[in-house]
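Residue numbers (the numbering used here), protein chains in the order written: chain Y, 5 to 299; chain E, 68 to 407; chain H, 7 to 248.
Note that these hints are calculated values from the structure, not bench results.
Hints are supplied without guarantee of correctness; some may be wrong.
Keeping only pairs whose Cα atoms sit at most 30 Å apart, straight-line, the calculated BS3-like set for lysine-lysine is [claimed, not checked]:
# : chain 1 : residue 1 : chain 2 : residue 2
1 : H       : Lys95     : H       : Lys70
2 : H       : Lys95     : E       : Lys260
3 : Y       : Lys170    : Y       : Lys94
4 : H       : Lys78     : H       : Lys24
5 : H       : Lys95     : H       : Lys232
6 : H       : Lys180    : H       : Lys238
7 : H       : Lys238    : Y       : Lys94
8 : Y       : Lys94     : E       : Lys260
9 : H       : Lys232    : H       : Lys180
Have a look at the derived ranges for each label pair, beta carbon to beta carbon [unchecked claim]:
#  : chain 1 : residue 1 : chain 2 : residue 2 : range
10 : H       : Arg192    : E       : Ala100    : 49 to 55 Å
11 : H       : Asp135    : E       : Gln400    : 17 to 23 Å
12 : Y       : Leu122    : E       : Gln112    : 56 to 62 Å
13 : H       : Thr175    : Y       : Arg282    : 45 to 51 Å
14 : Y       : Met118    : E       : Gln400    : 32 to 38 Å
15 : Y       : Glu180    : E       : Leu93     : 22 to 28 Å
16 : E       : Ala257    : H       : Val139    : 27 to 33 Å
17 : Y       : Leu92     : H       : Gly36     : 23 to 29 Å
A few chain Y residues that don't get close to chain E, going by computed Cβ distances all over 12 Å [claimed, not checked]:
#  : residue
18 : Val69
19 : Ala174
20 : Leu194
21 : Pro219
None of these values were measured; they are calculated from a predicted model.
Where is the CB? At the ideal position from N, CA and C, for every residue including glycine.
Each chain, written out:
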Amino acid sequence: MTTVGQLVLSGLLIGGIYALMSIGLTLIFGVLRVVNFAHGEFLMLAMYGAWAMTKYLGLNPYYSVVAIVPAMFLFGVLVHRMIVAPALDKPHLVVVFATMGLSILMQNVALMAMSADLLDVPPMLGGRSFSFGPFYAKPELLIGFAVAVACTLALRFMLQATYLGKAIRATVQDGEAAQLMGVPVPRIFLITFAAGSALVGLSACVMMPLFSVFPTVGLNFVLIAFVIVVLGGMGSIEGALLGGICIGIVQSLSSYYIAPAFGQMFFFMLFLLVMIFRPAGLLGRKGEASIGIND
Amino acid sequence: MDAAPPIAKRRPKRWRLMPERGTLSLFELALLAICVALVVARPPQYLQDVIIQTFLWAGLALAWNIAGGFAGLISFGHAAFFGLGAYTSTILTVNHGVTPWIGLWIGGALAAVFATLLTLVCARLRGPFFILSTLAAAEVVRIAALNWEKLTGGAEGLAILPTASVANMVFDSKTTYAALMLGYLVIVYAVTKAVEGSRYGYYLFAARDDEDAASAAGVNPLLARTGAMGLSAFLTGIGGSLFAQYFLFLDPTHVLSPELSFQFALLPALGGLGTAIGPVLGSFAITPLSEMLRVYFGGKAAGLHLAIYGGVLVIVMLYFPSGIAGALRRLAQRRRSDAP
Amino acid sequence: MTALLEVRDLTRAFGALKAVAGVSFSIRAGELVGLIGPNGAGKSTLYNVIAGAIAPSSGEVVFKGRPVAGWKPYQAARAGVARTFQIPKPYRHLSVLENVALSALLHERTVAAARDSAGVVLAEVGLADYLDVPVANLTVGLLKRLEVARAIALRPSLVLFDEIMAGLTPSEVKGMTSLVAALPARGITVIWVEHVLYAIMNTAPRIMVLHRGELIADGAPATLAKDPAVIKAYLGEETSLA
Numbered sequence: 005m006t007t008v009g010q011l012v013l014s015g016l017l018i019g020g021i022y023a024l025m026s027i028g029l030t031l032i033f034g035v036l037r038v039v040n041f042a043h044g045e046f047l048m049l050a051m052y053g054a055w056a057m058t059k060y061l062g063l064n065p066y067y068s069v070v071a072i073v074p075a076m077f078l079f080g081v082l083v084h085r086m087i088v089a090p091a092l093d094k095p096h097l098v099v100v101f102a103t104m105g106l107s108i109l110m111q112n113v114a115l116m117a118m119s120a121d122l123l124d125v126p127p128m129l130g131g132r133s134f135s136f137g138p139f140y141a142k143p144e145l146l147i148g149f150a151v152a153v154a155c156t157l158a159l160r161f162m163l164q165a166t167y168l169g170k171a172i173r174a175t176v177q178d179g180e181a182a183q184l185m186g187v188p189v190p191r192i193f194l195i196t197f198a199a200g201s202a203l204v205g206l207s208a209c210v211m212m213p214l215f216s217v218f219p220t221v222g223l224n225f226v227l228i229a230f231v232i233v234v235l236g237g238m239g240s241i242e243g244a245l246l247g248g249i250c251i252g253i254v255q256s257l258s259s260y261y262i263a264p265a266f267g268q269m270f271f272f273m274l275f276l277l278v279m280i281f282r283p284a285g286l287l288g289r290k291g292e293a294s295i296g297i298n299d
Numbered sequence: 068m069d070a071a072p073p074i075a076k077r078r079p080k081r082w083r084l085m086p087e088r089g090t091l092s093l094f095e096l097a098l099l100a101i102c103v104a105l106v107v108a109r110p111p112q113y114l115q116d117v118i119i120q121t122f123l124w125a126g127l128a129l130a131w132n133i134a135g136g137f138a139g140l141i142s143f144g145h146a147a148f149f150g151l152g153a154y155t156s157t158i159l160t161v162n163h164g165v166t167p168w169i170g171l172w173i174g175g176a177l178a179a180v181f182a183t184l185l186t187l188v189c190a191r192l193r194g195p196f197f198i199l200s201t202l203a204a205a206e207v208v209r210i211a212a213l214n215w216e217k218l219t220g221g222a223e224g225l226a227i228l229p230t231a232s233v234a235n236m237v238f239d240s241k242t243t244y245a246a247l248m249l250g251y252l253v254i255v256y257a258v259t260k261a262v263e264g265s266r267y268g269y270y271l272f273a274a275r276d277d278e279d280a281a282s283a284a285g286v287n288p289l290l291a292r293t294g295a296m297g298l299s300a301f302l303t304g305i306g307g308s309l310f311a312q313y314f315l316f317l318d319p320t321h322v323l324s325p326e327l328s329f330q331f332a333l334l335p336a337l338g339g340l341g342t343a344i345g346p347v348l349g350s351f352a353i354t355p356l357s358e359m360l361r362v363y364f365g366g367k368a369a370g371l372h373l374a375i376y377g378g379v380l381v382i383v384m385l386y387f388p389s390g391i392a393g394a395l396r397r398l399a400q401r402r403r404s405d406a407p
Numbered sequence: 007m008t009a010l011l012e013v014r015d016l017t018r019a020f021g022a023l024k025a026v027a028g029v030s031f032s033i034r035a036g037e038l039v040g041l042i043g044p045n046g047a048g049k050s051t052l053y054n055v056i057a058g059a060i061a062p063s064s065g066e067v068v069f070k071g072r073p074v075a076g077w078k079p080y081q082a083a084r085a086g087v088a089r090t091f092q093i094p095k096p097y098r099h100l101s102v103l104e105n106v107a108l109s110a111l112l113h114e115r116t117v118a119a120a121r122d123s124a125g126v127v128l129a130e131v132g133l134a135d136y137l138d139v140p141v142a143n144l145t146v147g148l149l150k151r152l153e154v155a156r157a158i159a160l161r162p163s164l165v166l167f168d169e170i171m172a173g174l175t176p177s178e179v180k181g182m183t184s185l186v187a188a189l190p191a192r193g194i195t196v197i198w199v200e201h202v203l204y205a206i207m208n209t210a211p212r213i214m215v216l217h218r219g220e221l222i223a224d225g226a227p228a229t230l231a232k233d234p235a236v237i238k239a240y241l242g243e244e245t246s247l248a
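Put together the whole structure using the sequences plus the hints.
Right, dumping it as structure tokens:
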């Protein structure tokens with residue numbers, strides 16, 4: 005019984021971290037109606053950044069957040085200006101393939117610059133796990149989960165209470181109407197995309213103590229992120245958290261009881277099941293998947 | 068002559084220079100002639116490998132295009148069909164002694180059935196939802212193949228004995244392989260052109276461009292989409308079998324990876340989605356280039372060719388969304404309007 | 007004479023809002039019937055239900071004696087119901103001729119024959135000069151005419167026109183009106199939603215008025231123009247009724 009409990013706990017914690025990584029993606033989709041296929045490479049870039057700051061500046065990834073998050077924000081601005089914004093008024097396949105191309109470009113530039121080696125940061129929190137009764141948890145996992153929850157709450161607050169948040173929600177609901185009401189929609193697109201990128205930066209700092217970075221690390225995580233975003237409902241932040249937790253638990257349980265590789269397969273099958281029966285996800289708007297995007 | 072001329076004049080029967088829907092052009096014939104010449108001329112070994120792969124990839128790009136370009140069903144999961152075809156014919160050959168000439172049809176059919184089921188199951192999904200579903204489905208197939216060791220050999224894969232014979236579809240001479248792949252390319256191209264000019268092609272284009280309007284005009288969009296995906300998967304699966312016979316080794320990384328799936332989509336995107344000649348041009352431009360870059364830069368700058376690839380894709384998508392074929396067409400139109 | 011189309015107590019609700027509320031009418035073959043009403047009256051929803059784009063919440067639709075409520079749009083088209091869209095939905099990557107040829111394929115056996123017959127229809131709506139023009143280059147007025155051509159090319163028994171006059175010049179309106187008026191003689195029954203009222207009030211022998219989902223009037227234009235309920239529904243509208 006404690007085994008199951010432990011697995012659920014570990015799954016919950018890692019799921020929160022997966023969710024943090026996916027919030028940017030779901031936000032971007034909710035507002036811009038665009039799937040950023042280079043999302044995994046944004047994560048990879050930020051992870052390399054965090055690793056480099058540890059290696060060359062001795063800065064713990066939790067501290068290098070102050071540098072990585074703004075840097076990723078700026079990177080997001082750059083990518084949006086150069087690639088996403090010009091693609092928005094063209095057929096949907098343009099943004100799909102353009103972000104795909106960016107993904108391939110980034111993966112291979114990383115390969116050339118950093119080689120294919122797996123890189124890690126040394127453990128810096130003592131290496132001992134916290135225990136709660138019969139269960140234990142690594143501090144890195146706890147911190148990551150806490151950041152994820154805090155982030156979700158902060159975003160929700162921002163969306164409800166600030167003008168920017170309201171403008172974003174208005175754009176999500178009806179971009180044209182929002183524009184007519186004076187919401188600077190192109191600016192909102194830019195800010196959202198850059199914020200999504202910054203959120204990826206945050207999650208990279210939290211993930212670096214737990215995972216190795218290598219040029220194609222993005223591919224593994226982006227598939228997980230896609231599943232979480234779809235499961236939770238595209239555009240829903242709480243949905244991403246919920247979806248992440250579900251995925252984390254499913255993966256944890258199936259990896260143990262069946263086999264690690266099958267763990268991955270299970271959540272793809274979960275993805276397909278969600279797609280078939282409730283494509284809008286747990287917290288998404290019904291019927292959304294049938295509209296897809298505005299073409 | 069009192070009869071009023073028909074309102075829509077039938078085009079006079081003369082050869083067109085540039086590729087067009089429904090007819091064969093001089094450009095296409097010239098390209099075919101060049102391809103045949105490349106096979107017959109017996110170039111050096113390393114070039115022959117490039118030629119073989121170029122022809123195969125052109126066929127695969129065309130196959131993807133039937134779903135992605137004609138029907139608008141962008142799929143990032145075509146490796147599943149490729150792999151299903153490859154594994155089916157190989158398992159039949161290796162374990163049951165079935166000749167690949169028959170095995171490839173079975174592989175193709177299996178891929179088609181899988182594709183049809185997938186499309187039906189994802190019937191209500193559009194845009195990125197559909198794309199991601201194809202990605203997920205392909206991953207399911209890959210992981211299944213990786214773990215079902217008894218059937219597929221798992222990560223170690225399957226090898227085909229290199230005993231050359233026509234019945235085995237294994238050849239000593241690269242020229243024969245080149246001819247085989249060219250045959251595949253020509254057949255897939257013929258199928259593509261036939262679809263493009265047929266009423267079925269019209270249904271696909273209409274359903275792609277505006278599903279509601281097409282429905283209101285009597286087209287059953289689900290049937291059209293499913294048929295396109297099935298045909299695309301069938302041809303892709305056959306390509307997979309041919310690849311297996313050439314490469315003589317299969318494993319999930321080589322025939323079921325997401326990177327492979329992206330490649331299937333990239334070539335038509337660069338060459339020009341939605342046209343017949345586009346995917347061919349895409350493959351002819353990119354495959355030799357990437358092979359040469361890979362060979363030339365080798366290990367030191369591993370990934371350079373792909374980085375260039377990615378960068379080019381971004382630029383092409385933003386500035387030449389109709390790809391190489393679109394650029395050629397505009398060139399031809401400009402020349403036609405310049406002519407007196 | 008049996009009705010071509012019969013609608014009985016048709017209702018379509020979206021949540022608590024009844025877009026179409028208990029509408030009943032019957033249309034015989036060969037009629038030319040106008041359908042008017044203020045914005046939001048439910049005209050598009052009614053069309054969508056008849057043409058199969060959405061299913062009714064309750065009630066019946068009977069076409070050529072067959073109950074068809076809830077059918078799919080392509081089934082409606084094949085059975086002989088054609089419709090245009092208020093916001094034109096052309097096939098962007100096809101030429102004008104090809105747009106109409108797709109419709110013509112319903113009845114023609116070959117692509118070439120479909121293209122020929124599309125050309126004929128396009129000439130009828132005055133688009134003969136635009137055959138090979140890519141659709142992206144057309145103005146709204148031309149796109150509306152393309153919608154009409156696509157509908158006619160289906161050789162339907164019943165056509166549902168949705169505001170086909172918007173964006174046309176007065177002389178174009180005249181031309182389109184004559185075209186529409188001639189359709190019943192060709193065996194095409196017409197229901198015609200229109201906001202350009204002077205065109206429809208002078209052409210259609212019968213007008214139905216929809217308001218807030220309900221059919222509030224159904225009769226000759228002259229009678230309708232004096233009907234207090236109809237006048238009230240249009241109060242505040244800038245269009246005049248006569």
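- prompt: Any hints this thing doesn't respect? Which numbers, in order?
  reply: Violated: hints 5, 7, 12, 14, 15, 17, 21.
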